[in-house]
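K.L.:
Fit chain B to the given chain A structure using the hints.
Those sequence lines, one after another, are chains A and B. Using my numbering, the letters of the first sequence map in sequence onto residues 36 to 358. Using my numbering, the letters of the second sequence map in sequence onto residues 36 to 358.
It should be emphasised that the hints constitute simulated quantities derived from the structure, not laboratory data. A quick note: this is a predicted structure, and the numbers were derived from the prediction, not measured. Treat the hints with care, as some may be off.
No copy labels: a pair is met if it fits in one copy or bridges any two.
Below, computed lysine-lysine pairings styled on DSSO-like, alpha-carbon distance capped at 30 angstroms [unchecked claim]: (1) K41 x K234; (2) K353 x K234; (3) K353 x K148; (4) K217 x K204; (5) K135 x K217.
Number of protein chains: 2
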Amino acid sequence: MSDLPKAIQINEEGPREGFQFERVPIPTARKIELIDSLSETGLNQIQVASFVNPKNVPGMADADQIVAGFTRKPGVRYTALWLNEKGLQRAIATARLDVKGSLSLTASEAFLKRNQNRTAAQDLEGERSIARMYKANGIPVERTSVRAAFGCNYQGDVPTAHVVSLVGKLLEVASEEGFTIKLVSLADTMAWATPVSVKRMVGAVRDKYPDLQVALHLHDTRGMGIANAYAGLEMGVAIFDSSVAGLGGCPFAGHKGAAGNVCTEDLVFMCDEIGIETRVDLAQLIASAILAEDVVGHPLPGSVMRGGTLAALRTAIKAGAAA
Amino acid sequence: MSDLPKAIQINEEGPREGFQFERVPIPTARKIELIDSLSETGLNQIQVASFVNPKNVPGMADADQIVAGFTRKPGVRYTALWLNEKGLQRAIATARLDVKGSLSLTASEAFLKRNQNRTAAQDLEGERSIARMYKANGIPVERTSVRAAFGCNYQGDVPTAHVVSLVGKLLEVASEEGFTIKLVSLADTMAWATPVSVKRMVGAVRDKYPDLQVALHLHDTRGMGIANAYAGLEMGVAIFDSSVAGLGGCPFAGHKGAAGNVCTEDLVFMCDEIGIETRVDLAQLIASAILAEDVVGHPLPGSVMRGGTLAALRTAIKAGAAA
Numbered sequence: 036m037s038d039l040p041k042a043i044q045i046n047e048e049g050p051r052e053g054f055q056f057e058r059v060p061i062p063t064a065r066k067i068e069l070i071d072s073l074s075e076t077g078l079n080q081i082q083v084a085s086f087v088n089p090k091n092v093p094g095m096a097d098a099d100q101i102v103a104g105f106t107r108k109p110g111v112r113y114t115a116l117w118l119n120e121k122g123l124q125r126a127i128a129t130a131r132l133d134v135k136g137s138l139s140l141t142a143s144e145a146f147l148k149r150n151q152n153r154t155a156a157q158d159l160e161g162e163r164s165i166a167r168m169y170k171a172n173g174i175p176v177e178r179t180s181v182r183a184a185f186g187c188n189y190q191g192d193v194p195t196a197h198v199v200s201l202v203g204k205l206l207e208v209a210s211e212e213g214f215t216i217k218l219v220s221l222a223d224t225m226a227w228a229t230p231v232s233v234k235r236m237v238g239a240v241r242d243k244y245p246d247l248q249v250a251l252h253l254h255d256t257r258g259m260g261i262a263n264a265y266a267g268l269e270m271g272v273a274i275f276d277s278s279v280a281g282l283g284g285c286p287f288a289g290h291k292g293a294a295g296n297v298c299t300e301d302l303v304f305m306c307d308e309i310g311i312e313t314r315v316d317l318a319q320l321i322a323s324a325i326l327a328e329d330v331v332g333h334p335l336p337g338s339v340m341r342g343g344t345l346a347a348l349r350t351a352i353k354a355g356a357a358a
Numbered sequence: 036m037s038d039l040p041k042a043i044q045i046n047e048e049g050p051r052e053g054f055q056f057e058r059v060p061i062p063t064a065r066k067i068e069l070i071d072s073l074s075e076t077g078l079n080q081i082q083v084a085s086f087v088n089p090k091n092v093p094g095m096a097d098a099d100q101i102v103a104g105f106t107r108k109p110g111v112r113y114t115a116l117w118l119n120e121k122g123l124q125r126a127i128a129t130a131r132l133d134v135k136g137s138l139s140l141t142a143s144e145a146f147l148k149r150n151q152n153r154t155a156a157q158d159l160e161g162e163r164s165i166a167r168m169y170k171a172n173g174i175p176v177e178r179t180s181v182r183a184a185f186g187c188n189y190q191g192d193v194p195t196a197h198v199v200s201l202v203g204k205l206l207e208v209a210s211e212e213g214f215t216i217k218l219v220s221l222a223d224t225m226a227w228a229t230p231v232s233v234k235r236m237v238g239a240v241r242d243k244y245p246d247l248q249v250a251l252h253l254h255d256t257r258g259m260g261i262a263n264a265y266a267g268l269e270m271g272v273a274i275f276d277s278s279v280a281g282l283g284g285c286p287f288a289g290h291k292g293a294a295g296n297v298c299t300e301d302l303v304f305m306c307d308e309i310g311i312e313t314r315v316d317l318a319q320l321i322a323s324a325i326l327a328e329d330v331v332g333h334p335l336p337g338s339v340m341r342g343g344t345l346a347a348l349r350t351a352i353k354a355g356a357a358a
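If we strip away everything but chain A, and leave its shape as in the complex, we get (with noise of 0.2 angstroms):
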């Protein structure tokens, strides 16, 4: 337990999660309140929308909007996805948005055959083709990751070395245009890591690139997201994504039961519990949770928003030991 991170970065995604995937639209005042109710939180990172193709992503299509409208917290960093060089355009046109790159590879063919329709090969060179997008946008880029990185409903299961050789690829294409990565984000995108594929997989990726920050992000579709956080902490891991309430999921994941990303809330608890600092002030996020369930119209599969936090309930015995 000695390698635990005194204290976690915490990317939230689930405005952009979780707006893409629902089904039913969302009033676009409703997607901005909810973003608003997160800057209060203390989170530092807001991903608030993704500006990609409203024929293929719906809930997406008032992304500008979106951005538009929401308040500007000082101290935040509000970021958006775009996949190709009209998407990042459009970010940039925002003014009111971090923008940086990323540069990211898919460990698994298949699913990339199946969900951009490329090859691995292709996927490369796309990734190259960004790079030097950013290079002429003068965008920086400092992050990496890669999707799937735990296995893939189309593949199974993905060798560690793979992950490790698409991580050194992406530090390749980077170096080309003269970026240096400081971090890679291993993306659990179908949810088919564990706990020891997690410490596997985080200790061979830091074994051969030690100077490398890892972050993780996590799906939560078979109940392993906060267990598989906690092995990454364990590994020392200090960077991750999560989505309040667990909004979210993949849309083409190909999968009913795919859930969001690891719920914000309950990493913030875990976090608090153990002692390891976030910065976020978990009543306020618990109250963002409640009204992300209120947002998007049914339940969603947080835990402490429902069960409550043990700082609410030590106040209240320490109040009735006083009285």
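P.N.:
Here is chain B on its own, set in the frame of chain A:
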């Protein structure tokens, strides 16, 4: 990770935990249907009922009929819960149960006061009288448990040393009646545990009592259940209570969000994936979990029952590749 056990014993508590928790009456025949379904999964210990006062627990008013009605599968131990001599005699009278004694102390005096209107001294005296009751009835006692071992909604955090001292008292009480205790179960009755406190508590108990097996009874109210189970596995814990589909919850914990035990099929899934033997057929167990939802008539918190197994995906991928 080197302390991961090769195999674990799962004590299925879904029927008992679930039926006593549900507010809408469930027909006895449907309770029996679920038990019979669980008998076909490979689970070798199933807690089917509690013999308690039906005024306090109306969902268990039909305990005798449940026990009379299910089909005993060879190799499966069917257990029940009772709180006093009357309950024990009812359990013995069925002649269809594996009647073994257990001694328990509660780590929170505030919870004792609310739940049983007892002081800690009265709790200890009560267990002495229960130990005598077992001896008088020729019932073996090999198991002890500490309730609220990780914290209490009414008293707060529980010091590790206090739990260790309660284990010592349980061993003394057992020894006074000539029983040799083999196992202590640490119960996170009100879901205060984290992976770190699980490791600390299991380690402290084992340091003091290295010959005792440690079991974990983990509630999932705050979403930490599977992470806590994983932390237990890393400490070599090889006995877990769990509930199919996450059925149940403690009706006395005074907590609206009280969730059931850690979900059996999510636990089995994790063990299958990390190579720990459970002897349970996960596909059959998921069928039981889906049945459990139908029996209680509302969604239950299990994840793998919705997300599906990786074994099924691997088989489909292999079949596709072969075709």
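K.L.:
Hint by hint, which ones does the structure fall short of?
P.N.:
Violated hints: none at all, because every hint is consistent with the structure.
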